[in-house]
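Q: From first to last, the protein sequence lines are chains F and A. If you count the first sequence from 1, position 149 lands on 149 in the working numbering, and the numbers rise without skipping. With positions in the second sequence counted from 1, the corresponding number in the working numbering is that position plus 1000.
Calculated directly from the structure, the hints in this document are not laboratory data. Bear in mind the structure is a predicted one, so any value in this text is a computation, not a measurement. Just so you know, even glycine gets a beta-carbon here, dropped at the ideal spot from N, CA and C. Heads up, none of these hints are tricks.
Taking CB as the label site, the calculated pair distances span:
| # | chain 1 | residue 1 | chain 2 | residue 2 | range |
| --- | --- | --- | --- | --- | --- |
| 1 | A | T1032 | F | D312 | 30 to 40 Å |
| 2 | A | E1316 | F | D312 | 25 to 35 Å |
| 3 | F | K338 | A | D1151 | 53 to 63 Å |
| 4 | F | P12 | A | G1177 | 51 to 61 Å |
| 5 | A | E1323 | F | R161 | 54 to 64 Å |
There are 2 protein chains.
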Amino acid sequence: MTFHSMWAELLPIGRSSASGGYRRFAWTGADTECRAWFRQQAESRGLTYELDRNGNQWAWLGDPADGDAVVTGSHLDSVPDGGAFDGPLGVVSSFAALDELRARGAEFTKPLAIVNFGDEEGARFGLACVGSRLAAGRLTVEQAHRLTDADGITLPQAMERAGYDVGAIGPDPERLGRIGAFVELHVEQGRALDLSGDQVGIASAIWPHGRWRFDFRGEANHAGTTRLVDRHDPMLPYAETVLAARREARLAGAVATFGKIAVEPNGVNAIPSLVRGWLDSRAADQATLDTVVTGVEKAAREYADAQGVELDVVRESFTPVVEFEHALRDELARILGKERDAVLSVPVLGTGAGHDAGILSGTVPTAMLFVRNPTGVSHSPAEYAAEDDCVAGVTALADVLEGLACR
Amino acid sequence: MTFHSMWAELLPIGRSSASGGYRRFAWTGADTECRAWFRQQAESRGLTYELDRNGNQWAWLGDPADGDAVVTGSHLDSVPDGGAFDGPLGVVSSFAALDELRARGAEFTKPLAIVNFGDEEGARFGLACVGSRLAAGRLTVEQAHRLTDADGITLPQAMERAGYDVGAIGPDPERLGRIGAFVELHVEQGRALDLSGDQVGIASAIWPHGRWRFDFRGEANHAGTTRLVDRHDPMLPYAETVLAARREARLAGAVATFGKIAVEPNGVNAIPSLVRGWLDSRAADQATLDTVVTGVEKAAREYADAQGVELDVVRESFTPVVEFEHALRDELARILGKERDAVLSVPVLGTGAGHDAGILSGTVPTAMLFVRNPTGVSHSPAEYAAEDDCVAGVTALADVLEGLACR
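Please construct the entire structure, taking both the sequences and the accompanying hints into account.
A: What follows is the structure in structure tokens.
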């Protein structure tokens, strides 16, 4: 099965006809369809299919018990109204790279696996990389049991309804211990490769990244009859804080976004009692990120005080900077550099996006490949990568897997 | 049945244990309970109960066919997490005033009715005063059939599910033609009576009032990887517009509120593609309201342009200024003035809130009484009126009904 035909099979699954974007949320029908597709791809290639205790899917060539395995893959779930590439490109490219290696007649000296990590985007339960976090012990079983979706369904309930044994979730050191190297291919989510004119790049680091919930609590009241001076309207300090976040990020060379909001009672003729906004912020280093978030929070408190509004700020998640292992990164650069003009080197770039590779990097040697994104747009129906660049990505991944697993 | 015991019966219906506020939305279970309560109050007093073609409930003393009827009442539905008084105070006070008149031995020379108008708040279908608008021909049958709730259920479907014959909705000129005067008692939704030290006041006018939907359309993108300069984030011009609305309202002596928002995709790590905010604005006169809304829209367009974001502004509803009939208003002042110190006059005040009385005022002579609200808080679980003031309201309403219907 070619890259093109695999891609065409996945394309309709979980696509919203309204937005043209994807709604492949963990443990929903669309997710189950993607998982059935993964299993079918594994079995049609004679690979050994496994579903691990945390709902991650594995397809093995060779005996995992031999250890020092080379693993590649990504995820198949999406953000709300996400694009087709973020996640699936890595999984489809993994199968296509294996096909290319078999066509080359490559002889594997190590076990190879392709993995689909569950619930990478966190669209349903609000926490990203749940499958890899659980496996790596970066999310405790107790914490996982407290995750709920918008309908109040907990993560274990959702897994159970999708047919998984929830008694078993938890750290999986034995499984991760078999992995000698993990390489995740991903569409780039910025424009660095487009600006440098490269089809493929290697990740250097993932920026430190956090999510903070800002709860502005005011006083619900009638929007038509309450004098302005009598109001404690939490929408005003929220609005000022949105602008402060952009200002602080710009000054620091970081990014900061308020992209999610919940308002109570959210009535046209009611001054809100609560405006809850989520700040997502990332920067190249920890000190810069601290500066941004401290600045936003300080401004928010001043604005809230001025309106007689209460403010609570809760850090909901935080991922420190991830420096991918230098030895593996340099090995990838060496493998890929051989194929290129000696004058050119493969670009090595940092990213603001979190990935399962970032979670695993604390446990196993990990690296990432990026495929050019001509617009930089991601997490949007408009996300795009040219087929030429995708094919270049498959070749690069095949080269890397051959270099790592066929030595 | 005393005011107090009627109040106690209504109090638990549709109350949220989470917020302490009311969720009595049109044609839901809580609404049906309130309607059963109304019918039982009517029948226990030997009044003739009627449900009209638009779902408004009537309780008649005397023969409606005699014409020139005096009608009082209000509504029993609520905004999301509303208070106990907005609406129910008028209905309960109407029954209590009738009881007081009977205790006084009043002899009625005109028919009297108590009414509960359906769907006054518009919490479910987004349009206020649906019952009175339909009766007065201020909402066409076609428009009513296009109203939908958040689950896509249309108004006729909702009425049908609640057991009403939806074939029959529409203008009801014959029924309104029987009415000689309509008086609605309502808790004040500002602090004017509290500041003047009065228990009861008379309405002069309802401010002109409109709702405008602001759709800011940007480009969904990854919140971690998209450079600030590459963003078209609609949350930024939305935030600036919220602040502009407050500024314009303050300068004009009006009110303007963004209390409802919808964001797409509303993900923590996604720059929004759409931020939709609703502006509610009201002012003492039309020219002032125009100035405010024009100013907000102009600012919003500048902010949107600066971010490369598209803006559409749609006026979703508009109610021009309502001047209550001067003859009836003066008659109320005369009746109530007799009971008071000759030096004091009953305060006459305008309001920013819409009411069924405002809708009916175009068709029948209409007046309103307000009962003191010590905090001015309304559309909130904290809405409150002291029992003393409620009792003074009942006495004032009884005096007015006696003066109008027992001459």
